[in-house]
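Chains as they are written, first to last, in the working numbering: chain G, 223 to 460; chain R, 37 to 121.
The hints are all genuine.
Taking beta-carbon pairs under 8 Å as the criterion, some of the chain R residues facing chain G (in silico): (1) G48; (2) P55; (3) I107; (4) N109.
None of these hints come from the bench; they were simulated from the model.
For every residue, glycine included, the Cβ atom is placed at its ideal position computed from N, Cα and C.
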Amino acid sequence: MPMRVIVVQFSGSTCDRDLVYAMKDVMGWEVDLIWYKNAQKHLESYDAIFLPGGFTYGDHLRAGIIAAYTPVMDKVKELAKEGFPVFGICNGFQILVESGLLPGALIGNDTLRFSCKWTNLRVETTRSAATNVAKKGDIWKVPIAHGEGRYFLDEKGLKELNENDQVVWRYVSDDGKITAKGNPNGSIESIAGICNLEGNVVGLMPHPERASESILSPWGSDHGKLYFQSLENYFRRG
Amino acid sequence: MAKFNAEVIIEGKKNARDPEGETIMRDLMIKHGYDMVSSVRSGKILKVTLEAKNEKEAEDICWNMVNELRIYNPVAHICTIKIVK
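Build out the structure end to end from the sequences listed, making use of the hints.
Structural data, given as structure tokens:
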């Protein structure tokens, strides 16, 4: 049985079709792209929920905040709390943070620019639903495309995040080290992606769907596929 | 009921770097002779017009609104509200 997932499309989602392509054509899953107003009543019938990248509601006020207040997110929150797998990529991650499903904030890049480039992600934990087929310390090449991707959390929150093994990926240099140059947006502790305490809600700023086939990568890599393979594995293990 | 104007000011917490404020200070103000400036923080202001019984109620409504709708993210921002005449 192939995985069956839903991609929730908001006003201003722009990476929804890329995500559908990666999961449907590359992974062979059954994927439904559903307008947010129609998605609410169907969510439970899927194996996982995806919130795609983009610029929902023009990023007005703060990226993700207006989408976080749509009725569909009430249902997403309810399901996430019951352990349902929920994944947010880029703007989807911003929505998860703004809806309180993940801690912290994603604020303007320290470069003050929109940044679209390849980054190195170091896998920090394999317990999340999106990294369980990887090895801790693996380096994935995955591109970013965002203007508000600087992860921020206060000292106390960071301590908890680290102690609870919730940092899933960090931006690193080519040789896997945490450096200022390897951090594309000034994220605190070079954090690129996190999960909730239970590991079923995962947010990531870079775009694995844009790195899921070797033809997309200058190095011929397809590391983004590991993200989706992890979800498949997470689901099969139950 | 009367009309009130409120200014909702959202700014980054001091421990989050503000590269916009830093650039305005370094590359505009100081480079053009205003070297007496030692700090600039950028932010966002929402000018809100609303109806309320009095100034106190106008301020209370604004605070309820910013907290309920997360007009600012308390992790990264501080918010101040001023009722302006």
